[in-house]
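Asks: Chains D and C, in that order, give the protein sequences.
Going by this note's numbering, the first sequence wraps up at 733, each residue one higher than the last.
Going by this note's numbering, the second sequence wraps up at 770, each residue one higher than the last.
Simulated from the structure, these hints should not be mistaken for lab results.
Glycine included, every Cβ here is placed at the ideal spot set by N, Cα and C.
Treat the hints loosely; a few may be bogus.
Using C-beta positions, here's what the derived DEER-type ranges look like [said to hold, decoys possible]:
#1 C:F367 <-> D:H245: 54 to 64 angstroms
#2 D:L411 <-> C:F367: 25 to 35 angstroms
#3 C:E716 <-> D:D451: 30 to 40 angstroms
#4 C:T317 <-> D:E392: 50 to 60 angstroms
#5 C:N353 <-> D:A155: 42 to 52 angstroms
Each chain, written out:
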Amino acid sequence: MAKYKSHLLICGGTGCMASESDTIAETLKAELAKHGLENEVQVIMTGCFGFCEKGPIVKVLPDNTFYTQVKTTDAAEIVAEHLVKGRKVSRLLYTDPTNKEHVSDSKHMGFYQKQIRIALRNCGVINPENIDEYIAREGYQALGQVLEMGAQAAIDELKKSGLRGRGGGGFPTGLKWEFASKNKADQKYVICNADEGDPGAFMDRSILEGDPHSVIEAMTINGFCIGATKGLVYIRAEYPLAIKRLVTALGQAREFGLLGKDILGSGFDFDIELRYGAGAFVCGEETALIQSMQGERGEPTVKPPFPAEKGYLDKPSNVNNVETYANVPVIFLKGHKWFSAIGTEKSKGTKVFALAGKINNVGLIEVPMGITLREIIYEIGGGIKDGKKFKAVQTGGPSGGCLTEKHLDTKIDYDSLLASGSMMGSGGMIVLDEDDCMVSIAKFYLEFTVEESCGKCSPCRIGNKRMHELLTRITDGNGTMEDLDRLRNLGEVIKDTSLCGLGQTSPNPVLSTLDNFYDEYVEHVKDHKCRAGHCKSLMQYVIDQEACVGCTACARVCPVNAISGERKKPHFIDTTICIKCGACMEKCKFSAINII
Amino acid sequence: METIKLTIDKKVIEVPKGTTIYKAAKQLGIDIPVLCYMELKDLNIENKPAGCRICVVEVEGRRNLAPSCSTDCTEGMVVKTHTMRVINARRTILELILSDHPKDCLTCAKSGHCELQDMAIKLGVRHIPGQEFAEMSTYRMDTSPSIIRDLDKCIMCRRCEMMCNDVQTVGALNAFNRGFNAAVAPAFEQDLDKSPCTYCGQCVAVCPTGALTEVDHTPAVIRALSDPTKTVIVQTAPAVRVALGEEFGMKPGTIVTGKMVNALRQIGFHHVFDTDFAADLTIMEEGTELLDRLTRHLGGDKTVKLPILTSCCPAWVNFFEHNFSDMLDVPSTAKSPQQMFGAIAKTYFADMMKIKREDLVVVSVMPCLAKKYEAQRDEFKVNGNPDVDFSISTRELAHLIKEFNINLADLEDEDFDRPMGESTGAAVIFGATGGVIEAATRTAYEIQTGKKLEKIDFKALRGMEGIRSATVDFNGLPINIGIAHGLANARQLLEEVRSGRANYHAIEVMACPGGCIGGGGQPLHHGDSSIIKARFEAIYREDAGKPIRKSHENPYIIKLYEDFLGKPMSEKAHHLLHTHYFDKGVKDIYI
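Working from the sequences, and respecting the hints, build out all of it.
Replies: Here you go:
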């Protein structure tokens with residue numbers, strides 16, 4: 138085996154691949170060959186590093202140099218300077234926004250300092266397409282341990298760890314496994330829910346792309362614990378890279394005897410198949426997922442019976458989320474005590490969030506439960522973009538709610554988020570600033586649920602549509618105060634009566650903004666004003682008669698001839714014609730056009 | 180049996196484990212409103228998608244409201260069915276459903292029978308908030324020979340889907356689209372006539388609203404009646420007379436044969452005949468065919484296929500043409516009674532009355548919607564003129580009687596006209612599952628053995644179980660008989676036959692659960708299967724009261740053969756009374 142003195146780790150996640158990280162890798166290899174270093178330095182495509190804001194990322198080992206926003210054209214310099222001459226390419230290093238200094242080692246970057254990476258432990262570290270690298274990082278050892286300790290002991294260990302489902306529900310994983318293990322059946326199933334559907338969320342995708350073996354290992358453990366010989370991964374077809382890496386990993390695991398008959402000589406048989414989802418959000422709900430896997434229309438069914446009792450093909454089944462699985466091997470390796478020491482009283486371990494929105498450091502983060510929003514936003518996230526004022530943070534995706542300044546110091550875990558009117562969800566976290574209109578934000582999320590409702594139950598099918606219509610009336614300036622009452626009533630009834638988790642949470646963005654930003658709703662209704670300047674119908678472009686010099690530039694650029702006036706005399710906008718495109722304002726050199 | 184004790188509205192009740200809150204409440208006399216839920220208990224049919232959410236109730240300790248139709252009772256559960264939270268939720272949900280439902284109730288075919296309308300009345304909805312700016316989901320109308328689909332009125336109760344897929348295994352209907360645009364339709368939103376639909380009409384029979392209705396033939400019937408150049412005759416199917424009374428407030432199972440004949444005469448039909456006459460004729464042909472096949476088969480003729488399958492039910496014919504197209508030589512070639520009647524009416528009767536074929540209009544009154552389609556089949560037309568011109572359902576006849584201002588209840592009983600109004604008890608029982616094969620057995624037994632039946636009633640062939648079988652002793656020759664009602668049961672039986680696992684000599688199939696008495700054109704049962712049971716019992720009462728109970732003893736049938744047809748399965752009989760089947764199996768149409 139060749140021994141290398143340095144390694145170049147390049148992010149091979151979907152995000153960085155879109156910025157041609159694969160070409161960068163090829164170019165780096167070519168450059169290394171030019172310098173005759175192909176046997177000295179190894180180039181490895183890894184999973185996601187998480188710091189997507191600054192991708193593509195190239196990390197140099199052993200000195201841990203973290204190059205950001207690398208382009209193909211930078212490859213030659215990295216090789217020539219860093220690897221040949223031993224000089225870091227400082228222009229590619231991360232710059233700390235607070236003191237404008239270069240930070241070379243990721244360990245010292247604010248983005249990483251507060252993170253604890255358990256589920257993401259191998260992402261950005263190993264080559265996900267090489268089982269040896271996973272094994273070198275203690276991969277499949279947990280499986281060996283579990284096979285020796287026995288199913289019930291393993292379930293007990295998991296129960297003691299306090300691990301809860303990371304897909305959003307937060308149900309204790311060990312308990313779920315125990316239910317399935319106790320239900321007698323000739324065949325049981327282990328199902329991995331990889332139908333990640335929250336807009337902007339990519340936790341599961343990153344894990345599958347960056348560390349597929351951890352999920353395979355955990356599923357096998359799950360199978361052994363409940364007595365299932367068959368595992369299925371329900372993954373959306375829009376994740377081609379994750380599918381490719383998963384298929385590769387499955388092949389390798391079979392080759393190594395870690396899947397298939399008589400695993401590690403234990404007499405336990407287990408194998409995994411893939412099922413592709415067509416991209417319906419509701420299929421992330423476990424009963425709908427099972428329906429979809431059975432070839433039926435992806436619609437939820439009534440619970441109970443729960444899948445642990447009657448699931449896939451009516452057999453006891455365990456459905457667990459990707460991130461939940463990624464936590465499992467570590468718990469067995471390090472013990473439940475280690476795991477349960479992290480987090481809060483009722484929420485143990487860490488949670489992966491996809492941090493996005495008006496924040497400096499967009500990316501994928503894994504933080505201990507109990508961290509505050511303030512720490513996430515200001516320390517990890519590096520604060521609000523462009524020095525704007527923080528307004529709210531939306532957690533839990535389309536089913537979550539908006540939290541405000543007063544929640545910034547709340548320790549976040551499953552229960553505290555619920556108590557604040559939001560939820561953990563699968564881990565979307567979108568930061569909003571003063572330019573965001575809260576009514577429009579609620580409308581945006583509701584639009585998503587209206588689109589994604591399966592239509593089975595009437596409150597979700599019709600109610601969400603009606604709520605969306607009401608919000609549209611409000612943002613169009615046609616709302617009434619009764620509409621606000623109707624919104625609240627509809628929201629509460631939909632939550633209270635919908636069949637599945639989708640409908641039971643879909644009004645959250647509306648209800649939580651009604652709770653926390655009622656003033657903004659009232660402004661829209663009574664004053665016909667959108668303080669964020671987002672709702673077009675509530676805006677008016679006017680020309681400041683004092684400032685206007687009559688240059689006619691605005692009148693000429695107006696596409697609908699709404700502006701009139703004589704040369705060298707102040708102009709005037711006919712608001713009944715104006716379509717609020719903003720072209721005049723952009724054109725005006727004298728700042729004479731204002732929005733009121 | 181394990182029982183569970185719970186409290187509903189402060190009343191304590193003990194119920195068997197697995198009982199839903201809805202059913203437990205019902206036992207206490209608490210009628211929780213339901214919309215999508217439907218149960219036909221005696222037929223083992225239940226629809227509980229828990230989709231409408233009208234039936235929600237409050238359960239102490241539960242975060243959200245529980246759908247009572249599909250939530251099982253648990254020990255110590257405390258349920259409240261009418262708290263303000265429940266009442267508000269129920270009303271809000273109904274308002275939502277109504278906000279996406281057309282308001283043309285005045286002219287809707289289901290008006291007065293609509294369960295959504297009933298719910299709006301029950302909950303006293305007077306106003307739908309925000310209706311002025313509420314978008315409605317709209318779809319294109321689809322009119323097939325039997326059924327009209329107006330999905331604007333679909334409320335996604337999924338009953339039709341359950342009937343079509345689970346009870347009938349036809350698979351013509353399934354939900355399509357998502358969210359607000361979701362509704363139920365054939366695959367790829369094809370028209371029904373391009374789907375494997377059999378027109379059994381069970382979807383129509385359970386649709387709570389006007390989304391699924393029958394094609395109305397009554398305007399055409401009225402036009403014919405008002406045309407002085409036409410002679411308009413009518414035939415009524417056996418199952419109609421035991422159900423029609425329900426439309427006029429009579430108890431289910433009331434027999435209104437005589438009143439119905441009187442009403443039809445008052446409406447203006449020139450001759451009021453009975454499909455039962457043709458049912459006796461069917462027995463002569465089908466029974467003879469059975470004996471012929473049986474004799475040849477026992478004689479070692481390998482080209483003869485057994486079992487013989489009945490072919491009276493047009494939905495069943497459609498079903499095997501779609502699904503068992505490899506077995507098209509197995510069913511009896513005998514036409515259905517409706518079509519035999521039409522064929523005889525437009526030849527024998529027309530000749531007798533010296534009426535030109537095109538001036539004779541044959542109307543049938545059927546418990547069935549597939550009969551509308553059957554009447555339009557090309558093989559049942561002569562130079563484009565159909566043997567049966569119009570087929571109206573029991574419900575349509577009721578409308579007609581009401582429109583003609585006739586008070587059915589007060590009418591004197593009258594008799595059918597002759598010759599095609601005379602019938603036997605054997606013909607009457609065609610209306611219930613097992614009836615056709617019992618009628619055939621009565622005749623075939625006597626012809627085969629040459630002996631008189633000591634007991635006319637073959638009770639072993641009667642009942643409501645989905646699949647039944649019995650062996651009848653034909654003087655030492657055991658004849659194995661199979662019976663199925665509901666197409667899922669028929670499929671199961673036929674698959675057993677196809678695979679050689681079952682050994683039957685004759686099989687009766689009726690597409691609708693219960694047979695014709697539960698047909699898609701009957702007065703709506705609204706989920707009350709005791710109505711179907713009452714009709715079932717009435718059919719056998721009517722049979723028992725008939726002076727003649729075996730088809731081959733019908734004097735007018737005997738005369739028909741003497742004067743016109745010769746003998747059963749004669750060349751003339753073959754030409755007029757037998758048919759052939761077509762392969763309608765799904766080939767490559769979707770590929």
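Asks: Please go over all the hints and tell whether each is borne out by the structure.
Replies: Outcome of the hint check:
Between F367 (chain C) and H245 (chain D) the beta carbons are some 59 angstroms apart, a value that agrees with the proposed interval 54 to 64 angstroms. In this structure, L411 (chain D) and F367 (chain C) meet the distance hint of 25 to 35 angstroms, their C-beta atoms being roughly 27 angstroms apart. The hint said 30 to 40 angstroms for the Cβ distance between E716 (chain C) and D451 (chain D), and at roughly 37 angstroms that hint holds. Against the hinted window of 50 to 60 angstroms, the Cβ-Cβ separation of T317 (chain C) and E392 (chain D) comes to about 56 angstroms, which satisfies the hint.
Take N353 (chain C) and A155 (chain D): their Cβ atoms lie about 38 angstroms apart, and the range 42 to 52 angstroms is violated.
Consistency note: the structure conflicts with earlier hint 5 alone.
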